[in-house]
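Protein chains in written order, with the working numbering: chain A, -11 to 392; chain B, -11 to 392; chain C, -11 to 392.
I should point out that these hints are in silico values taken from the structure, not numbers from a laboratory. Watch out, some of these pointers could steer you wrong.
Any copy, or any two copies together, can satisfy a pair, since identical chains are not distinguished.
[As the list claims (entries may be wrong)] Listed below are the simulated BS3-like cross-link pairs for lysine-lysine, each with C-alpha atoms no more than 27 Å apart in a straight line:
(1) LYS337 <-> LYS69
(2) LYS98 <-> LYS363
(3) LYS98 <-> LYS64
(4) LYS303 <-> LYS330
(5) LYS92 <-> LYS171
(6) LYS337 <-> LYS303
(7) LYS303 <-> LYS178
(8) LYS171 <-> LYS337
(9) LYS140 <-> LYS337
(10) LYS212 <-> LYS69
(11) LYS337 <-> LYS178
(12) LYS330 <-> LYS140
(13) LYS140 <-> LYS92
(14) LYS303 <-> LYS363
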Amino acid sequence: MALTASRLVMTKFLRLGNHKGVAIVSRHCFHRTAIMGVTDAEFTAAKDRVGTLTQDPGNEVKLKMYALFKQVTVGKCNAPKPGAFDFVGKAKWSAWNDLGDMTKDDARQKYVDVVDDLVANDPGAQASAPAAATASQSDTAGSSVGGYENLKVSVDRGVCTIMMNRPKKKNALNRETYEEIIKALDSSGKDDSVVFSVLTGAGDFYSGGNDLNNFMSITPDTMKQAAREGGELLQRFVAAFIDFPKPLVAAVNGPAVGIPVTSLALCDVVYATDRATFHTPFSSLGQSPEACSSYLFPQIMGQAKANEVLLFGRKLTAQEAYDRGLVTEVFPDATFQQEIEKKFNEFAKLPRQSLRLSKNLIRGAEREKLHQVNKEECELLEERWTSEECIQAIMDFFASKSKL
Amino acid sequence: MALTASRLVMTKFLRLGNHKGVAIVSRHCFHRTAIMGVTDAEFTAAKDRVGTLTQDPGNEVKLKMYALFKQVTVGKCNAPKPGAFDFVGKAKWSAWNDLGDMTKDDARQKYVDVVDDLVANDPGAQASAPAAATASQSDTAGSSVGGYENLKVSVDRGVCTIMMNRPKKKNALNRETYEEIIKALDSSGKDDSVVFSVLTGAGDFYSGGNDLNNFMSITPDTMKQAAREGGELLQRFVAAFIDFPKPLVAAVNGPAVGIPVTSLALCDVVYATDRATFHTPFSSLGQSPEACSSYLFPQIMGQAKANEVLLFGRKLTAQEAYDRGLVTEVFPDATFQQEIEKKFNEFAKLPRQSLRLSKNLIRGAEREKLHQVNKEECELLEERWTSEECIQAIMDFFASKSKL
Amino acid sequence: MALTASRLVMTKFLRLGNHKGVAIVSRHCFHRTAIMGVTDAEFTAAKDRVGTLTQDPGNEVKLKMYALFKQVTVGKCNAPKPGAFDFVGKAKWSAWNDLGDMTKDDARQKYVDVVDDLVANDPGAQASAPAAATASQSDTAGSSVGGYENLKVSVDRGVCTIMMNRPKKKNALNRETYEEIIKALDSSGKDDSVVFSVLTGAGDFYSGGNDLNNFMSITPDTMKQAAREGGELLQRFVAAFIDFPKPLVAAVNGPAVGIPVTSLALCDVVYATDRATFHTPFSSLGQSPEACSSYLFPQIMGQAKANEVLLFGRKLTAQEAYDRGLVTEVFPDATFQQEIEKKFNEFAKLPRQSLRLSKNLIRGAEREKLHQVNKEECELLEERWTSEECIQAIMDFFASKSKL
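Next up, chain A with everything else stripped away, as it sits in the complex (with noise of 0.2 Å):
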């Protein structure tokens, strides 16, 4: 489950290795951490082909895994609680504490359980996967162009097509995501055979948001330069939709969580499958909203109820999105792709410059004021990172998270 911002800092807490008295849950961790001999055949495999997976299970499964493997190896929790500022401390203390009385042998077979699920689920074991075919179906039109690596990015008469292509990862968006999909953004700006430029997502999901994994590298000694570093790059790429200077269209395939639905407030159209859902929980995260969305969200629906979604996280369905304009059509899922397609193709054929030109002239009016908005939006978000309360929210959220 991804989510929104809040993961660029999020991750440094959960960041492994050089914690002092704390085991480390990296990709390769509970092979290293078994420095006890475990007597149980089965537990000690599940072990070892925690080792062989090939994609990072996520913070939550870790926190599980770490717990369960705790409980297995020690038993009931007798860690004093870490310090106040100690987060990642506290995430694994109270991952591990929340088993309470579980037995040793009840947490070994769900430790078990836990690996045989992630093995089964290994991508490697799985090349054709609907998600995987969805993207190789794109690859019969257009023109790929090189040089991502977490989007797919084509072109086709006219139309750039930038697919965030992750669908494993609910095409969540990792600090390179980020930085991909502002590239992808300028050159198809500056590329003369591109008409108009489509966002959509790989698979099932439009996409989940901030991913989890982003800033592997933060320790909470580097929190501020971390949060001054994730505010500077949500700073870029919200202008990169600002400026972004031809007709920009949304095609929402599945659900979106966080900044995949503020920015679309950035788009110039928007449609979307009846199966997408819209969700912004800024709040319950101790954050704040993006993208514009504190400025535009009241002019698309009114503040009564762009509040309720900016303020109080109300998830939308497609239906509700439309009806607030935020959505400009939603077609049924079956024929969705079909539709779009054909729209694109008449929307190819207008001349460019007047598209061009058409769109500037309507985004231009308030461009300096998106521009400033962005920027306080982003100064908040990044006081919000390094506040007690996000810090707290996030917390509360991973602690319900690595529940069993």
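Model the placement of chains B and C on the given structure of chain A, informed by the hints.
Chains B and C in isolation, oriented as in the chain A frame:
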């Protein structure tokens, strides 16, 4: 029936006592003005019972009673029509004159009927009215905050409820209620235990708008002064909404008229029962929009729908107010209180600094503009309140109301 | 079929007469260009009847007739393709060339059919058309205001009705109609007997937008000058809406195309028949939005829905225009006139100073901004009208129209 801000001024015209050649129509006017002997015992008894009323019956009723009393005691109106600027005199003369050739017997009968009605509805006789029940129900939860005569203010688990509490007056806003709402907003904004505030009404009405009895001490001579004071009060009232530093939720529990409607655009989230209606009859009363609605309603609804409401006084149903974006969500009346309480409980658990800072971010971008609009609206209203057109419109309204 | 502002410029390309080496295609062109003897009596008779037409058949039809005439008299197109900037020549050459190998007999037959059609539809022969009936109905109420050729302006009990009155041209706006609407707005704004004004169309159409025959005297040499004049006229036209000091109501009695759609956002209230449609094909004609729609449509509809209309030319039904907030209310066509008259009667009784001052308050906050946007939009359109892309888009449009 309560109205818009106009009443601030209107009431002065009906002010009673030191107006040359005009009979007094105050709470105790009826037996004092009964200078002629009357033969009908029922009429005398009725007249006497008027003195036992514990609530002011409102100026419309008093005008009716004045006219009937004159018809019984004098007969058909024989007084000369008062001069152009004798507003009180004209209102009363019109009420009497409109009775035409009504016989004394008929007038006597109607007079007694009116008094019977008033007595039957006197609050002393019905302490267990639904409105009072509602108010006492909410006594059971949260701690009541003292120091309010016209509001019921309580704080419960982070939610401050500001309830307009004059149910027998349809929660109309007299001068004191304006001042108390300003005070309640200011206090709950500063109270660290309050996460957000809720504005609602006791009984069946949300609020009928400005109360007729606001400025009983105003005479035509002090009209300009009264308009200035009314404008100043209104501006401070609206500013208290603009500057409220936390989420402000409106729980519209029934019909709303005038400024209770327009001020919804300054609330952050608006929930309404399906019984609610939204009416802004500015133009028909010779007045103009307030509470930044001249600026915010077009933003929320689009100009085509906003202007029908602001210029032509279209009364909206709850569903229409929802469709136009003034209302966040509508609930069936039977479950309204439950539904919003459930939401409030969830909202109150959210990180409060995030809510406060996000609210500030969202509203902050417009705050200076809103104060400017508020100032301009109040200046225009001060001009309107002393205009011939406005005075005439209100006179016409009262003349039509005082007809039996 | 009438278009958007483009026609201002388009018409000059088809201007006929002093263009070297190109046959003349003006109202009387057909018998003048018939310099070769033709044997078929019907063809000759048809050719002669063209001279009796009292209405310009429009450039599309004239291009068709030109091509057919050449095919009859010369045969398959044997002229060299005109140079890139000879727009008139290219349009005519294309029309002729597109006939390919059509036989002379076929061409002769089609030519006669076209003329028969024109004669049958000549206004002189059908004075009792439904559109004229509508116009004469409204003669019965109110006093007609003289001095207008293309409008029917009347004032009745406080309501000034400004009716675009060229029903056989779908109320397309020629230069004179623009000037007359400016004049009618100015006059009714100053007329103390007028409470508010209503803009509507005679017959089945609201208005088809810019008229093709606006600038018949423009040659390619004076293109830049014509674009400047067109931009200046457009800017004054839009300014007359922005500055109109009273409520302005649009009664959209049928389909609307181009500036009659965009200027609705500058009206205060918009009522529409359910037969109305709203079409803004700027981009397909190489042009850009006008009448402040680049600023107001996103405010009204949200950017996602506005941009589909402004950039991609989505044609809206009456219900869609209502849902997007462009229209205040939709009525069944059968009762449309009754319903709006009932409303207008009520509105006209409202205090007129209040209406005027409230309107000024509501629109005043944005007036400077709107004038600025109007200026920028007109500057862009002037550039567009002389651009290769716009000219080509219009050529393509006409080429497709001139095919039989």
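Indices of hints not satisfied (ascending): 2, 5, 7 and 13
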